[in-house]
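The listed protein sequences correspond, in order, to chains A and B.
Per UniProt numbering, the very first residue in the first sequence carries number 1; after that it's consecutive.
Per UniProt numbering, the very first residue in the second sequence carries number 1; after that it's consecutive.
Hint data in this document are derived by calculation from the structure and do not stem from the laboratory.
Careful: at least some of the hints might be erroneous.
Given that identical chains are not distinguished, each listed pair holds provided it fits within a single copy or across any two copies.
Calculated pairs, DSS-like style, for lysine-lysine (alpha carbon to alpha carbon, straight line, at most 25 angstroms) [said to hold, decoys possible]: (1) Lys210 <-> Lys24; (2) Lys198 <-> Lys26; (3) Lys170 <-> Lys198; (4) Lys24 <-> Lys198; (5) Lys170 <-> Lys210; (6) Lys210 <-> Lys26; (7) Lys198 <-> Lys210.
Protein chains: 2
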Amino acid sequence: MTTDTIVTAAMLAIGDELLSGRTKDKNIGHLADLLTISGIDLKEVRIVADDEEAIVAALNGLRGQYDYVFTSGGIGPTHDDITADAVSRAFGVECIHDPDAMTLLGDMYARRNMDFTEARRRMARMPNGSTHIPNAVSTAPGFVIGNVHVMAGVPQVFQAMLEAVLPTLKTGATVLSRSVQSPFGEGDIGGPLGDVQKAHPQTSIGSYPKFDGTSFSTELVIRARDETILAAAEADVRAMLEGIAASRRT
Amino acid sequence: MTTDTIVTAAMLAIGDELLSGRTKDKNIGHLADLLTISGIDLKEVRIVADDEEAIVAALNGLRGQYDYVFTSGGIGPTHDDITADAVSRAFGVECIHDPDAMTLLGDMYARRNMDFTEARRRMARMPNGSTHIPNAVSTAPGFVIGNVHVMAGVPQVFQAMLEAVLPTLKTGATVLSRSVQSPFGEGDIGGPLGDVQKAHPQTSIGSYPKFDGTSFSTELVIRARDETILAAAEADVRAMLEGIAASRRT
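Kindly produce the complete structure, drawing on both the sequences and the hints.
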C-alpha cells in the first residue's frame, strides 16, 4: 500500500443547537461509518455555531488540509441558516440564487400549490459555481464547491445527500479491522499490547476500555489496509491474551 | 448584562475510534448540556485522532481562544493513550509520573492485591505542574494545566470527572431558553420569524426542522440571558404563529 491510496476528509458540523446540548449530533457517527467503509479516512471533525466568522475560519482551516470536507447544517430557509453565505465568503465568490435550484424548488412548490416564499427561495442560495447535491427527501439541494460538500443538518436529509455524494468521491484502500474481546482490563494488558503494536507497525491497535459498573474489560481493535498484515497482528494479540490467561491458571 | 459575564469554552475529543465510527461520542452532548446549565458558552468542538501532532495543534489552536478547554480520551494505560504527552508538549513542560498520582494509584492497587504494572503507572503521567481532577469511578485522576481540563473518554468516568470540575469554574450569566412548537414548516414561517429575530436583537432564535417521514414541522428555540427580554421575544413568536394560523382559517 502506498501513500497515494490514502484519501482524507474532515467534517464541519454547523449549529448553535449542537453546542447548547439541545440537539445530540447524529451525523458525525454516520459519516464516520460510511467513510470508513468507503476507504476514506476521516481525520478531524469540528463543530461551530451559526456564526459566519466561525464557519469561515473553520472551513478555511480544513479545506486546504484534507482531500474532502463535509459540512452539515445551516442550509434551510430561516434567518439562522447562514452556511451558504459563509461558504461563499470562504471561497471569495458571490452567494447567488442558483437558477437551476430556483427552477427545481419553484416547480415543486407549484405542484404542491404552495407559495414559493422568500424564505423558501433562500434554499436555492449557494456559492456561484456550485454543483448540486440531490435531496430525495425534501428537494432543496445541497451543493459542492471545490472539495467542500455542503449538506443538511436534519439526519434523514443528511443521509440522503451523503448517499448521493459517496459514489462521486475518489476512495483509497479500505481500512480493514478486527475486534478481539479481552476479559482483562487495560492495566493488565497495556505492557504486552504495546509490544504487539511495536512488532506490527503497519497496523493501528486501539484499546477501548468498557466499564460495566463494577469492573473494566477491554475491546481491542486492530486496523490495517492489508489482510495478511492484519491477520498476523490479530494472531499475536490473541496469543498475548492466551498467555495472560495461562499465567493466571498456574 | 455586560460582556464580562460571558464565559467561553471549547471541547477537544481525542480518539481514533470517534473518527472510524467504532464509537459514537456521548461526551460532547453531555458537556454541552452541563455547560449550558452552568452559564458557560460552549463555542467550538474538535475531534482528532490519537496523533500527537494533531492533538498539540488543536489544543494550541483552542486554549488561547476560550476561557476553558475540556478534553476527553487518551489518558488510560495503553500505548494509544498519548494525551498526557501531547498536552505536556503543547504547554512546553515535561510529562512526569506525578508523585501524588503514583501514591494514589499504588495504594489502590495494593489494597486490591493487584500489580502496579508499568501500564498502570502510565495513568499517573501528566504535565509537570498539573493539579488533579478526582475520579470517583476508577481512581486514576484527570488533570488541569492552565485553562485545560483533561478528562477520560469512558463516559462514566468523563461524567464523574466533570462533576468534580464544574464547581471549580467561573461561570457567566446563564442562557435562558424557551421552546415553541410550530406546526408549520420553516418555509412558511421563515420570513416573519426573521422579522421577529430582527426586532429582538438581544435574543438568539433558532429554528429546528423536524421531519416525521411525511412532513416538516419546526421547533423554535428562543435564547437570552434576561427573562424580560426572553418573554417579550417569546410573545412575538407566538403572535406570529397565531397570525399564520388565523390567515389559514380565513
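Results for each hint:
In this homomeric assembly, Lys210 and Lys24 come within 25 angstroms of each other (Cα to Cα) both inside a single copy, at 22 angstroms, and across copies, at 14 angstroms. In this assembly of identical chains, Lys198 and Lys26 lie within 25 angstroms of each other by CA distance neither inside one copy nor across copies; the values are 35 angstroms within and 31 angstroms between. Proximity of Lys170 and Lys198 under a CA criterion of 25 angstroms is satisfied in neither setting, with 31 angstroms inside one chain copy and 44 angstroms between copies. Neither within a single protomer nor between protomers do Lys24 and Lys198 lie at most 25 angstroms apart by alpha-carbon distance, with minima of 37 angstroms and 28 angstroms respectively.
When the C-alpha separation of Lys170 and Lys210 is checked against a cutoff of 25 angstroms, the pair qualifies neither within a copy, at 36 angstroms, nor between copies, at 33 angstroms. Taking the closest pair of Cα atoms, Lys210 and Lys26 come within 25 angstroms of each other both inside a single copy (22 angstroms) and across two copies (14 angstroms). In this assembly of identical chains, Lys198 and Lys210 lie within 25 angstroms of each other by CA distance solely inside one copy; the values are 24 angstroms within and 49 angstroms between copies.
Against the hints set out earlier in the document, violations occur for numbers 2, 3, 4 and 5.
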